[in-house]
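**Student:** Sequence:
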Amino acid sequence: MYTPVLAPIAGSLLLSALLAALPLVVLFVLLGVFRIRAWLAAAISLAVSVLVAVLGYPMPVGQALLAATEGAAFGFFPILWIVVNAIWIYNMTVHTGHFDVLRRSFARVSDDQRIQGVIVAFSFGALLEALAGFGTPVAVTSVMLIALGFQPLKAATVALVANTAPVAFGALAVPITTLATVTGLPLHDLASMVGRQTPVLALFVPMVLVGIIDGWRGVRETLPATIACGVVFAVAQFAVANFFSAPLTDIVASLLSALAVVLVVRRRSRAENTDSRAEVLRAYAPYAIIIAVFALAQVPAIKDALTSVTVTFNWPGLHLNTLSGKASTLPAFKFDWLDAAGSLLIIAGLITIPVIRIKPGAALRAYGGTYRQLATAIVTVMAVLALAYVMNASGQTTTLGTWMSNAGGLFALLSPVLGWLGVAVTGSDTSSNSLFGALQVTAAQHAGLSPTLMAAANSSGGVLGKMISPQNLAIAAGAVGMAGREGDLFRRVFLWSLILLALMCLLVFLQSTPVLSWMVV
Numbered sequence: 160m161y162t163p164v165l166a167p168i169a170g171s172l173l174l175s176a177l178l179a180a181l182p183l184v185v186l187f188v189l190l191g192v193f194r195i196r197a198w199l200a201a202a203i204s205l206a207v208s209v210l211v212a213v214l215g216y217p218m219p220v221g222q223a224l225l226a227a228t229e230g231a232a233f234g235f236f237p238i239l240w241i242v243v244n245a246i247w248i249y250n251m252t253v254h255t256g257h258f259d260v261l262r263r264s265f266a267r268v269s270d271d272q273r274i275q276g277v278i279v280a281f282s283f284g285a286l287l288e289a290l291a292g293f294g295t296p297v298a299v300t301s302v303m304l305i306a307l308g309f310q311p312l313k314a315a316t317v318a319l320v321a322n323t324a325p326v327a328f329g330a331l332a333v334p335i336t337t338l339a340t341v342t343g344l345p346l347h348d349l350a351s352m353v354g355r356q357t358p359v360l361a362l363f364v365p366m367v368l369v370g371i372i373d374g375w376r377g378v379r380e381t382l383p384a385t386i387a388c389g390v391v392f393a394v395a396q397f398a399v400a401n402f403f404s405a406p407l408t409d410i411v412a413s414l415l416s417a418l419a420v421v422l423v424v425r426r427r428s429r430a431e432n433t434d435s436r437a438e439v440l441r442a443y444a445p446y447a448i449i450i451a452v453f454a455l456a457q458v459p460a461i462k463d464a465l466t467s468v469t470v471t472f473n474w475p476g477l478h479l480n481t482l483s484g485k486a487s488t489l490p491a492f493k494f495d496w497l498d499a500a501g502s503l504l505i506i507a508g509l510i511t512i513p514v515i516r517i518k519p520g521a522a523l524r525a526y527g528g529t530y531r532q533l534a535t536a537i538v539t540v541m542a543v544l545a546l547a548y549v550m551n552a553s554g555q556t557t558t559l560g561t562w563m564s565n566a567g568g569l570f571a572l573l574s575p576v577l578g579w580l581g582v583a584v585t586g587s588d589t590s591s592n593s594l595f596g597a598l599q600v601t602a603a604q605h606a607g608l609s610p611t612l613m614a615a616a617n618s619s620g621g622v623l624g625k626m627i628s629p630q631n632l633a634i635a636a637g638a639v640g641m642a643g644r645e646g647d648l649f650r651r652v653f654l655w656s657l658i659l660l661a662l663m664c665l666l667v668f669l670q671s672t673p674v675l676s677w678m679v680v
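Numbering (the numbering used here), first residue to last: 160 to 680.
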């Protein structure tokens, strides 16, 4: 039974934190400086994390390797299981030509590529985030943007940056419910607090997207639409999270923001419409089916039936304690094979087959082709999650988090950074909240800060680490046919990640002072 040590290097928390950060530094330097392929950078960084765990921390080799295998398995299921099946549905629509119909439909709303980017990447991406999360919005919207005429690198960049403000309430608010579970704080309080932070991001993200697409000239020319989109999304996200339902937050906000943009800019394209109403309906059908399947899966009777076959077991041979000596929950592996978002996407895909009139053989070939298309992304995601599990199991992430929490009152300024770091490593706001949620509460209590504020800051700051997470970079690159160029994507989005993170840090800090304390639940 392995029990982590908080400061294994000469009893120094600082020296131990520097060592614990080494796998992450190696990962981002290999990606951003040396431009090494993501799968190779992730594999090398995984090896470094194992060496740090074994040589720096007293973790047995066998336990470190078993933690890595569990992380790799989690990387495939449920994360890649979602992405693969989402891309499969998209590939079927490409095969039948219905995706071209969808593209022309968007063009009829506005033939301005900047507006199309906002509607697809931000509003429609937020809807996908609300329903599935875990990389699905990046995978689907990036290829949609290519179909609308975007260059692959720009399409992937826009899709990654857009996937920010909705993330905390993604997958029907799973990150928030997880945060409530690990912290013991009321779900409503946490949802309300996050709903007073991420809407501030939503005000700016549509403008940022247009800036990426067409520079500052484009930002000025599209201000009515981007302001309408950002304000409506922000108000809806705040209102639903605070007064209605956390799981429905992003669904309502995404639909209303898209409607706002359409009302501001809608005009008929000068191009003749050659698609029949039936073809247009079939083009939208796969996404309507996805929404319907996920909505039905939340009906209590159906949800109970789906979860009744879920299997949870301890990863064979992996025996871990927490710092306090209690049995760790990390080895518990949840195999919700029917209730998982990826499985629901399979169901939606099967329903889609007759609706879009694709032959079963062609659908099967598209499924196999999807795995080939995402081969390097699959390796990258599994390696990154293996790295995250090794860091978690050995105590490396706890060392980093504890070192940051010693900042006292200034911890309010650093709190979102901890969430950002967690998502950058794991690619998941849910995982980051699992890692650091309880630590945020403990640090807040020691520093005399609001535990609800700091816990929420972990989730709100975490959403800005999503765009630089190697697994999401790999998903985006694989989706747009840029496998191996994840480093180029990283350099495109890294500065935006830091700028928006700085904005969130300032907001949380001011919320911890009398200036904005009235915003705290």
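I should point out that these hints are in silico values taken from the structure, not numbers from a laboratory. Hints may contain errors.
[To be verified] Derived pair list, reagent style DSBU-like, types lysine-lysine, alpha-carbon separation capped at 35 Å:
1) K485 x K518
2) K313 x K462
3) K518 x K462
4) K462 x K493
[What the hints assert, rightly or not] What follows is a list of derived Cβ distance ranges for each label pair:
5) Q604 x Y443: 46 to 52 Å
6) A566 x V188: 21 to 27 Å
7) K485 x Y443: 46 to 52 Å
8) L214 x G484: 21 to 27 Å
9) L174 x L509: 26 to 32 Å
10) S467 x S404: 49 to 55 Å
11) L174 x T481: 49 to 55 Å
These numbers come from a predicted model, not from an experiment. In this text, a Cβ means the ideal position worked out from N, Cα and C, and glycines have one as well.
**Student:** Confirm or reject each hint.
**Tutor:** Going down the list of hints, with the structure as the test:
1. K485 x K518: violated, 54 Å
2. K313 x K462: violated, 39 Å
3. K518 x K462: Within the cut-off at roughly 31 Å; holds.
4. K462 x K493: Distance of about 16 Å is within 35 Å: holds.
5. Q604 x Y443: 46 to 52 Å: holds, 50 Å
6. A566 x V188: 21 to 27 Å: Holds, at about 25 Å.
7. K485 x Y443: 46 to 52 Å: Holds: the Cβ-Cβ distance is about 50 Å, inside 46 to 52 Å.
8. L214 x G484: 21 to 27 Å: holds, 23 Å
9. L174 x L509: 26 to 32 Å: Given range 26 to 32 Å: violated, Cβ gap about 54 Å.
10. S467 x S404: 49 to 55 Å: The hint (49 to 55 Å, Cβ to Cβ) is violated, given that S467 and S404 are roughly 24 Å apart.
11. L174 x T481: 49 to 55 Å: The hint (49 to 55 Å, Cβ to Cβ) is violated, given that L174 and T481 are roughly 22 Å apart.
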